[in-house]
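In order, the protein sequences belong to chains F and R.
In terms of my numbering, the first sequence opens at residue 4 and continues consecutively.
In terms of my numbering, the second sequence opens at residue 4 and continues consecutively.
Since the hints were made in silico from the structure, they are not lab data.
Hints are not guaranteed to be accurate.
Pairs involving identical chains hold if they fit within one copy or between any two copies, as the list cannot separate such chains.
No farther apart than 25 Å at their CA atoms in a straight line, the calculated lysine to any residue pairs in the SDA-like style are these [said to hold, decoys possible]:
1. K122 with T68
2. K122 with G20
3. K122 with G176
4. K122 with G69
5. K122 with E100
6. K122 with S211
7. K122 with G112
8. K122 with D45
9. K122 with P135
10. K122 with D58
11. K122 with D172
12. K122 with H104
13. K122 with A145
14. K122 with D23
15. K122 with D177
16. K122 with P174
17. K122 with A182
18. K122 with R143
19. K122 with G46
20. K122 with G160
One letter stands for each residue in the lines below.
Number of protein chains: 2
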Amino acid sequence: MTQPRERTRITRLQEKGSADRAALDALLDRVHVGHFGLTDPDGRPVVIPTAVVRDGDRVLAHGSTGSPWIRALAAGAPTCLAVTSFDGLVVARSAFESSIHYRSAVLFGSCTRLDDDGKLHALDLVTEALVPGRVAEIRRPAERELSATLVFALPIGEWSLKISDGWPDDPPGDVSGGAWAGVVPVMTAYGAPAAAPDLRAGIDVPASVLRLASPVRGPGAP
Amino acid sequence: MTQPRERTRITRLQEKGSADRAALDALLDRVHVGHFGLTDPDGRPVVIPTAVVRDGDRVLAHGSTGSPWIRALAAGAPTCLAVTSFDGLVVARSAFESSIHYRSAVLFGSCTRLDDDGKLHALDLVTEALVPGRVAEIRRPAERELSATLVFALPIGEWSLKISDGWPDDPPGDVSGGAWAGVVPVMTAYGAPAAAPDLRAGIDVPASVLRLASPVRGPGAP
């Protein structure tokens, strides 16, 4: 982990920096919505939400060739990618000590555009990350579809990770008072799949989708 | 809704712009993690995740006086705030048509720092948005605590909203094939509250926290 600039922060409370690459990977493997920052030609900030998927030492993203911001990212514009998981509420005995449990990764760098075989492989990884097992259930992408999609990768090089997962840290004067304190976790899961209105009769929910509809589980995106 | 620049986009599929202020408010009232974009002194993008709460025609955020990025936001640096809800998976008959259900708001502008009474009121609103009813259960903020916190507001003026909530849009050649298609919703809820280790005996979980521990419900943050 390199850290050439002030780390971002959600709150000043209970947060701690982590150089734990495994913890970074765990976050990136769980949360598939990222926010890319860009600077527009006038020097103003722009933030682009997009799906993100880790592939080893890089983060894959993709988008339409029709989007100027996607084109700028794919062309290697300097960027900052934030991936954040809202994991719970820290309910302290005062508003000041109340905060949230989160995991927050910020990566800096420039993306590289993928072409040809690399692109196809990367899109398969994206599909598999979101719906494991789906690639084997569907046809291969058409050339026209590949042409309409930009795929790019941000190296995991310059990054920081902050994790807030502690208990409320109230001062003694508040602990001795009458207010409750604790943590309320966020639970996420996929719900029951709903078939498309144009689904032909006799086509069952596939194994990939059945596996998604899991029991409610712990913090983070499904 | 003004729209002076290209809107951000997650995918090119099934997305539609919305000028529906009520839909924007519904998103901002449900998702309390936002990503602020900034441009650093070298012209490079930075993205800062932080808690956000709508207050009428503005979005409130706060942070530590110790964070340079929070200070820059509070001082009115040009910013872009993205608030995104990951609402489900669109499982189409091809990878190309597969996408996600989301709501994505992007607001542009500059924040204004709140002082004195405005600050206290804003922090109460933040507490109430995250844990409704909590303000009445805890002591008032101390002067020292208020001094350590920067509170700032971004006006809801220049914004765009995109919502993806449709069914898979597969071409006839794929619909007639054997692949399943549909939508898998994301469900979120708060789990059971856990008392802090230093909680004194005899202090029950308060009404505000009991109300949070809701049954599993639909898309969006809890």
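Evaluation of the provided hints:
no.: 1; hint: K122 with T68; verdict: within (14 Å within a copy, 44 Å between copies)
no.: 2; hint: K122 with G20; verdict: neither (33 Å within a copy, 28 Å between copies)
no.: 3; hint: K122 with G176; verdict: between (58 Å within a copy, 24 Å between copies)
no.: 4; hint: K122 with G69; verdict: within (17 Å within a copy, 43 Å between copies)
no.: 5; hint: K122 with E100; verdict: between (46 Å within a copy, 16 Å between copies)
no.: 6; hint: K122 with S211; verdict: within (23 Å within a copy, 49 Å between copies)
no.: 7; hint: K122 with G112; verdict: within (20 Å within a copy, 36 Å between copies)
no.: 8; hint: K122 with D45; verdict: neither (31 Å within a copy, 32 Å between copies)
no.: 9; hint: K122 with P135; verdict: within (18 Å within a copy, 47 Å between copies)
no.: 10; hint: K122 with D58; verdict: within (12 Å within a copy, 44 Å between copies)
no.: 11; hint: K122 with D172; verdict: between (47 Å within a copy, 23 Å between copies)
no.: 12; hint: K122 with H104; verdict: between (36 Å within a copy, 23 Å between copies)
no.: 13; hint: K122 with A145; verdict: within (12 Å within a copy, 55 Å between copies)
no.: 14; hint: K122 with D23; verdict: neither (29 Å within a copy, 37 Å between copies)
no.: 15; hint: K122 with D177; verdict: between (56 Å within a copy, 22 Å between copies)
no.: 16; hint: K122 with P174; verdict: between (54 Å within a copy, 23 Å between copies)
no.: 17; hint: K122 with A182; verdict: between (55 Å within a copy, 23 Å between copies)
no.: 18; hint: K122 with R143; verdict: within (13 Å within a copy, 55 Å between copies)
no.: 19; hint: K122 with G46; verdict: neither (31 Å within a copy, 30 Å between copies)
no.: 20; hint: K122 with G160; verdict: within (21 Å within a copy, 39 Å between copies)
Taken one by one, the earlier hints fail for this structure at numbers 2, 8, 14 and 19, listed in ascending order.
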